[in-house]
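Visitor: Next come the chains, spelled out residue by residue.
4 protein chains.
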Amino acid sequence: MASNRFFDRADPIAFAGTDSRDPLAFRFYDKDREVMGRRMEDQLRFAVCYWHSFTWPGGDPFGGETFNRPWMHGSDALALARDKADVAFDMFRLLDVPFFTFHDVDVAPEGASLKESNDNLKAITDIFAKKMETEKVRLLWGTANLFSNRRYMAGAATNPDPDVFTYAVGQVKAALDATHALNGANYVCWGGREGYETLLNTDMGRELDQLGRFLSMLVDYKHKIGFEGPILIEPKPKEPTKHQYDFDAATVFGFLQKYDLVADVKLNLEQNHAILAGHSFEHEVKTAYAAGLFGSLDINRGDDLLGWDTDQFAMNVGEMALVFHEMLRHGGFTTGGLNFDAKIRRQSIDPDDLLIAHVASMDACARGLLAAEAMLKDEALTGPLNARYAGWDQPEAKAILAGERTLEQVAERALGLDPQPRSGRQEYLEGVVNRYV
Amino acid sequence: MASNRFFDRADPIAFAGTDSRDPLAFRFYDKDREVMGRRMEDQLRFAVCYWHSFTWPGGDPFGGETFNRPWMHGSDALALARDKADVAFDMFRLLDVPFFTFHDVDVAPEGASLKESNDNLKAITDIFAKKMETEKVRLLWGTANLFSNRRYMAGAATNPDPDVFTYAVGQVKAALDATHALNGANYVCWGGREGYETLLNTDMGRELDQLGRFLSMLVDYKHKIGFEGPILIEPKPKEPTKHQYDFDAATVFGFLQKYDLVADVKLNLEQNHAILAGHSFEHEVKTAYAAGLFGSLDINRGDDLLGWDTDQFAMNVGEMALVFHEMLRHGGFTTGGLNFDAKIRRQSIDPDDLLIAHVASMDACARGLLAAEAMLKDEALTGPLNARYAGWDQPEAKAILAGERTLEQVAERALGLDPQPRSGRQEYLEGVVNRYV
Amino acid sequence: MASNRFFDRADPIAFAGTDSRDPLAFRFYDKDREVMGRRMEDQLRFAVCYWHSFTWPGGDPFGGETFNRPWMHGSDALALARDKADVAFDMFRLLDVPFFTFHDVDVAPEGASLKESNDNLKAITDIFAKKMETEKVRLLWGTANLFSNRRYMAGAATNPDPDVFTYAVGQVKAALDATHALNGANYVCWGGREGYETLLNTDMGRELDQLGRFLSMLVDYKHKIGFEGPILIEPKPKEPTKHQYDFDAATVFGFLQKYDLVADVKLNLEQNHAILAGHSFEHEVKTAYAAGLFGSLDINRGDDLLGWDTDQFAMNVGEMALVFHEMLRHGGFTTGGLNFDAKIRRQSIDPDDLLIAHVASMDACARGLLAAEAMLKDEALTGPLNARYAGWDQPEAKAILAGERTLEQVAERALGLDPQPRSGRQEYLEGVVNRYV
Amino acid sequence: MASNRFFDRADPIAFAGTDSRDPLAFRFYDKDREVMGRRMEDQLRFAVCYWHSFTWPGGDPFGGETFNRPWMHGSDALALARDKADVAFDMFRLLDVPFFTFHDVDVAPEGASLKESNDNLKAITDIFAKKMETEKVRLLWGTANLFSNRRYMAGAATNPDPDVFTYAVGQVKAALDATHALNGANYVCWGGREGYETLLNTDMGRELDQLGRFLSMLVDYKHKIGFEGPILIEPKPKEPTKHQYDFDAATVFGFLQKYDLVADVKLNLEQNHAILAGHSFEHEVKTAYAAGLFGSLDINRGDDLLGWDTDQFAMNVGEMALVFHEMLRHGGFTTGGLNFDAKIRRQSIDPDDLLIAHVASMDACARGLLAAEAMLKDEALTGPLNARYAGWDQPEAKAILAGERTLEQVAERALGLDPQPRSGRQEYLEGVVNRYV
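Protein chains in written order, with this note's numbering: chain W, 17 to 453; chain C, 17 to 453; chain U, 17 to 453; chain R, 17 to 453.
Heads up, some of the hints might be wrong.
A pair counts as met if it fits within one copy or between any two copies, since identical chains are not told apart.
[Unchecked claim] Cross-link-like lysine to any residue pairs, in silico, SDA-like; alpha carbons within 25 Å at most:
(1) K393 / L216
(2) K131 / Q425
(3) K393 / L215
(4) K131 / Q436
(5) K146 / R451
(6) K138 / K393
(7) K274 / G308
(8) K393 / T34
(9) K131 / E81
(10) K138 / P73
(11) K414 / D179
(12) K131 / T214
(13) K138 / E412
(14) K274 / R98
(15) K240 / K414
Honestly, the hints are just simulated from the structure, not real lab data.
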């Protein structure tokens with residue numbers, strides 16, 4: 017199969033301005049436009065995700081494949097993997113994105129043994145390396161799928177069987193090696209089944225210790241081979257399990273402190289995972305910054321009224337404007353980027369649907385970024401925020417925070433006070449945001 | 017008002033055996049029965065809660081008072097508080113519970129100044145002390161209400177105004193002093209409005225630092241005055257705020273580590289708060305034990321299909337059996353107990369409803385405790401659990417966990433493995449639990 | 017109290033164009049601008065709601081009053097009600113809205129008897145009538161509060177006690193009479209406690225029959241007095257009760273059919289109630305149109321991550337654009353309008369917060385309306401929709417739908433078919449909406 | 017494959033009494049014990065479900081097959097289907113259940129054309145008929161899977177393409193014919209994808225008309241062929257779609273009235289579907305009885321803290337006691353039964369897990385039934401219920417309900433009333449239930 021037969025298009029999608037009605041043109045994503053001192057492309061650092069776009073066949077728990085992609089049907093698994101790679105790199109080029117991401121099993125078939133699986137992975141990532149010599153696209157991160165194979169049905173690092181833990185170590189080493197070989201900017205761990213289905217058969221404390229050990233070994237190895245990017249943990253509260261140990265950013269913060277991993281492990285946050293945990297995306301991002309753990313983002317959206325991971329393409333400009341506002345306040349991404357952990361709906365079966373979805377979402381992100389920049393420059397939100405906390409800049413308040421006052425001293429001073437509440441101005445601020453979005 | 021005019025009953029409620037149909041007799045709660053080496057009363061350590069039972073008038077967001085308690089209507093606030101205390105201690109006696117709990121503002125009226133409020137608190141708790149000389153009831157914990165007064169509408173410790181922080185310190189000092197004077201076994205902090213309504217006006221990192229400082233001061237003071245019980249944080253994810261910083265046990269673990277408070281602060285967990293955070297009660301308890309933070313329990317239940325804190329009386333024997341099973345495995349309560357943070361429904365307006373609710377729930381707890389004891393003695397759950405993880409007791413597995421193996425060593429060993437999954441036996445274990453409940 | 021002392025402003029808020037940064041100026045709401053053949057004011061038909069803006073003191077389940085409005089403190093209840101009316105009508109004028117709405121108990125104090133309550137209501141609504149002679153504002157709807165008083169704690173029409181049903185009839189008659197006297201365009205029933213707290217004490221079938229009878233009597237009376245507007249039921253799934261019988265639009269449709277009320281009763285839909293029932297606002301609106309029951313809208317928004325009614329001011333332009341798109345397709349409001357069943361946050365304690373919230377939300381609605389108009393004119397959504405269902409316009413398909421084919425005939429024709437799926441184009445359509453919002 | 021090689025057991029599972037600890041013996045399910053005038057087997061009418069137990073391979077959205085059943089791997093699809101039937105009927109015999117249920121595609125492979133699919137179905141159901149001559153098991157209901165094949169990705173009856181509607185008619189006719197041939201007691205329709213993924217591409221009113229027509233044709237055909245059982249609709253609010261039109265019992269009631277189907281169509285209710293819609297199982301059952309639509313039950317349980325259909329085996333005795341209490345009040349099942357729409361967890365990979373799960377759940381149901389019987393006989397719940405509504409048995413109250421009083425007459429009578437609230441006694445009733453469970 018020649019990749020140019022899958023997408024009916026030769027030229028990369030281009031910026032055409034806000035008046036365009038072409039679903040295959042960018043209206044806001046203008047990669048060279050400067051935003052807060054960087055090119056827009058370098059601020060947003062978009063990555064296309066191999067899994068959802070090229071490996072998922074369109075199934076759900078009540079129905080099978082809908083996409084019928086040509087590279088999913090055939091008997092020569094490695095040949096199909098090469099065909100898939102051709103289509104994938106063609107899409108990277110058409111979308112003109114600077115990054116991609118993958119799981120090991122997305123790109124190469126599992127073999128009859130770990131050795132064979134690792135060889136397959138090497139064979140395909142060698143092809144990637146070759147393609148990357150001439151293409152602009154780089155690797156944002158790689159990862160290992162430690163949850164789909166039935167051997168991992170009770171977890172990988174947290175499995176009750178140490179042989180499964182061991183097997184997972186073998187697989188993750190190969191995935192990190194491949195990521196390193198491709199100059200990946202980060203390495204991601206999503207603990208798909210690191211959790212439990214029922215507490216009746218689970219020793220939580222023991223499993224957390226196993227997970228801590230697993231990550232510590234990975235961190236040591238990363239240093240040894242000179243992989244400079246961070247290990248990123250991707251919090252998710254549940255699904256497929258009833259409970260995942262990496263529930264949300266705050267939970268992972270507690271875990272990383274306990275196992276002394278704060279210096280080497282950061283967070284890869286996702287909108288859909290955030291809302292499944294009961295948080296807004298912005299909340300998770302602010303929590304990560306407060307903990308010093310911000311790393312990268314999976315950009316997608318869930319459905320607020322559904323209780324599972326829908327991984328829809330992000331289209332909500334206002335939500336992203338607030339996330340990017342926080343990010344820009346902290347200087348933007350370092351190693352991270354915006355990974356499209358998003359899948360077209362299973363009814364979107366045309367090849368163009370894949371392109372259209374990415375284009376529409378990239379534009380929504382770009383609009384969010386521009387709104388964030390404007391709010392920041394105008395101090396539209398930061399101005400009122402600083403004013404609200406100004407009292408804490410006074411000497412006595414600073415002394416309290418610095419630990420220079422005892423409870424009794426402060427309590428004594430309280431006796432003379434009758435503090436009056438001040439308006440929180442929420443509706444005013446919501447109106448301000450609406451001015452920019 | 018003489019307290020004996022409120023409850024139409026003179027004698028304490030007694031154990032009558034499982035055949036009894038009297039809603040004012042215990043069918044399972046037999047205080048002197050030995051359970052795992054302690055009297056049942058000493059295992060369960062029930063506490064009646066002042067707030068829900070004597071201070072809440074039956075209102076909800078769409079309607080006002082339904083209970084019309086005599087001590088809620090009148091002009092002499094301190095006299096009413098004394099009447100309320102009479103009724104409360106009468107109920108403690110009738111229920112024959114070993115403990116009670118209170119917020120400062122539950123028991124004494126707020127004054128026109130902090131000084132006056134503190135004086136009122138002292139006046140009433142002096143009465144408590146007097147009563148406690150002759151009554152069996154002791155104080156499980158005290159706490160300060162830092163959320164109802166409008167001055168705290170934007171938080172107490174996390175308020176943008178340092179004067180509010182200061183005022184809260186003044187109030188909490190008085191509450192801890194009162195708790196100490198009454199030989200309270202613990203002191204509780206529930207961060208009712210330590211959180212946010214909107215991130216648009218909130219500096220999360222700054223507020224967390226304020227909260228850390230507040231608790232550190234409290235811990236220092238506790239040591240200074242020789243208060244030996246722990247400070248207990250009560251996690252809750254939301255309500256009244258959109259987000260509370262003490263979201264759940266895992267979040268508090270991260271917070272306590274960051275501010276170096278792990279040694280002095282433990283957790284007071286509640287069923288209804290657990291499910292609002294997306295967790296089972298058992299999950300929170302196991303998380304607390306894994307983190308070394310288990311302290312005490314607010315025993316109640318929420319409605320799984322509602323999104324707010326209903327604080328209903330706990331009636332689910334099976335749920336509690338699993339919680340107590342975990343607790344008994346760890347030796348049971350030390351300073352903690354089962355506090356009835358539960359309110360009768362606002363339609364349960366008869367005085368007897370108050371007694372009946374406590375009796376029915378105490379019985380449900382007792383049944384849960386007896387089931388837990390039986391499961392433990394039979395190793396009905398612990399047996400299969402230990403068998404499931406037996407592989408980790410092998411030397412190589414132990415060496416991995418002990419940090420004596422590198423990723424490369426383990427990965428090398430993986431090449432020879434093809435681990436096969438084993439049944440998780442969930443339905444078998446659920447059937448086992450049903451045998452005991 | 018002179019009303020001009022509450023709001024620090026004399027002149028109505030005016031349209032100032034999109035460049036304005038004044039939070040007390042309209043940027044999009046340009047009342048005389050024509051939208052789909054009507055003035056914008058006549059399309060949106062905004063109403064200010066007495067309850068949230070003038071009667072709610074800022075309390076929540078964990079804290080009391082924050083607003084400290086002058087008309088809420090004093091001993092002469094009728095005088096305070098008159099003061100409140102002055103402020104309310106001043107706000108109607110400042111916001112330049114065409115409508116307002118009220119519950120009986122919002123505007124007049126409850127008396128010691130039903131007779132006295134009815135007299136109080138008459139006294140205040142007579143004042144309203146007088147004010148309305150010179151002011152532009154009209155009454156969108158009136159309603160009776162049958163849920164706050166403790167007599168209604170177990171429901172009004174569905175109460176187990178027929179005397180409570182009777183009392184409710186007495187109250188609702190007075191409220192409809194007052195609404196009729198003020199030329200109200202509709203009369204609303206929100207079944208605040210028409211539901212249950214527990215099924216253990218509830219006879220659901222019997223209670224539904226009571227509710228059907230109550231509404232039938234109301235409809236008969238409406239016809240008798242010549243009240244021409246519809247009775248509107250406001251669906252809500254829960255809160256304050258565990259379950260309300262008017263759960264959502266579809267449930268009410270079943271109820272109205274059973275009790276033969278479809279011709280006279282329509283729906284008043286609310287965004288926050290929709291999401292509490294698990295539906296989008298747009299879903300409820302489309303369901304109502306499909307059932308022929310669309311009446312009016314309570315415009316507000318809930319928090320998707322919270323499980324209770326937050327009644328925040330509507331700010332989500334995209335959500336409203338889709339609702340208005342459906343509404344404009346059906347010709348827009350007849351008797352209904354956009355009632356601000358929205359409350360400023362309890363921290364928004366300044367008088368200006370009240371104005372700012374309304375202005376920001378009116379602007380968001382106006383933007384939504386303009387986007388809806390543009391989408392309709394461009395057939396941006398309706399074009400693809402009609403194309404998708406075009407097959408059903410073919411003769412054989414029409415014959416099936418018309419009931420002219422038997423199952424066997426259709427099954428026979430199926431044997432020759434192998435229908436192929438077509439793309440649902442969801443991402444394309446989401447991108448289209450983003451072009452307009 | 018000989019079926020006796022799958023289950024390592026020859027004899028049916030028997031009643032062994034409550035002291036038994038054998039997970040493969042019944043402790044409460046004593047089929048010949050009389051309960052409310054029928055044998056327990058005839059009250060509970062258990063059915064094993066083909067789909068979950070024999071056709072689902074253990075996959076979830078994040079992982080594939082775990083069970084590796086022998087009949088799922090091979091090239092001769094019809095031979096595998098026969099092997100599967102052998103195992104299935106062996107399990108029916110071992111569990112000694114009186115009923116089973118199936119979808120067309122569960123039992124027979126889909127062919128290359130509708131004709132071939134129908135022939136396959138006929139071939140297998142002929143085998144069923146043969147087996148049923150000698151086995152006790154009967155067919156509770158059959159159904160057609162109109163959601164898994166990609167042709168149905170946008171719905172079956174509600175598809176935008178009338179050819180898909182037509183194809184679905186062809187399939188459903190064959191399934192009803194097969195059900196009729198096997199003397200099925202009911203025929204079930206679950207509208208798996210009769211709903212929408214996004215309202216942007218959906219014409220709700222049109223699709224509801226299609227669905228109404230589809231069911232009307234089916235009802236006409238049922239009468240024509242003399243199928244005497246009811247058509248059962250199975251409400252579910254969502255999943256796989258964002259919204260299913262058969263959301264819950266109340267929604268279906270509205271739909272059936274509109275399309276005049278109330279006489280011929282009843283409801284098949286499921287616990288997990290109920291809670292996904294925000295209702296308790298008991299609520300759905302009571303709603304169905306109040307609407308005259310009760311038909312049959314899918315007995316399983318969901319996880320209250322998860323937002324998707326987990327279909328776990330029902331183990332909650334208390335929940336089922338209340339459902340059966342309502343059912344027994346109405347005389348118990350007529351054509352319906354308890355279908356195990358429940359799947360063992362994907363980690364429960366041993367053959368015995370299948371048997372153990374059914375046994376544990378049948379026992380839990382039996383306990384629930386016995387508790388319901390005892391409560392009914394003691395009038396433990398019905399007594400207080402009747403007392404609570406006794407006022408409505410008075411002449412004036414009856415006259416109101418009978419439509420013999422006008423609003424004005426009732427309002428006039430209200431003027432003399434001051435009804436006082438009475439306790440709802442919720443905690444008392446909860447304690448009562450705990451006495452029986």
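Visitor: State for each hint whether it applies.
Guide: Quick rundown of the hints versus the structure:
{"no.": "1", "hint": "K393 / L216", "result": "between (54 Å within a copy, 16 Å between copies)"}
{"no.": "2", "hint": "K131 / Q425", "result": "between (67 Å within a copy, 15 Å between copies)"}
{"no.": "3", "hint": "K393 / L215", "result": "between (50 Å within a copy, 19 Å between copies)"}
{"no.": "4", "hint": "K131 / Q436", "result": "between (69 Å within a copy, 17 Å between copies)"}
{"no.": "5", "hint": "K146 / R451", "result": "neither (47 Å within a copy, 39 Å between copies)"}
{"no.": "6", "hint": "K138 / K393", "result": "neither (47 Å within a copy, 53 Å between copies)"}
{"no.": "7", "hint": "K274 / G308", "result": "both (15 Å within a copy, 11 Å between copies)"}
{"no.": "8", "hint": "K393 / T34", "result": "both (22 Å within a copy, 19 Å between copies)"}
{"no.": "9", "hint": "K131 / E81", "result": "between (30 Å within a copy, 22 Å between copies)"}
{"no.": "10", "hint": "K138 / P73", "result": "within (24 Å within a copy, 31 Å between copies)"}
{"no.": "11", "hint": "K414 / D179", "result": "between (54 Å within a copy, 12 Å between copies)"}
{"no.": "12", "hint": "K131 / T214", "result": "neither (33 Å within a copy, 45 Å between copies)"}
{"no.": "13", "hint": "K138 / E412", "result": "neither (62 Å within a copy, 29 Å between copies)"}
{"no.": "14", "hint": "K274 / R98", "result": "neither (43 Å within a copy, 48 Å between copies)"}
{"no.": "15", "hint": "K240 / K414", "result": "between (43 Å within a copy, 23 Å between copies)"}
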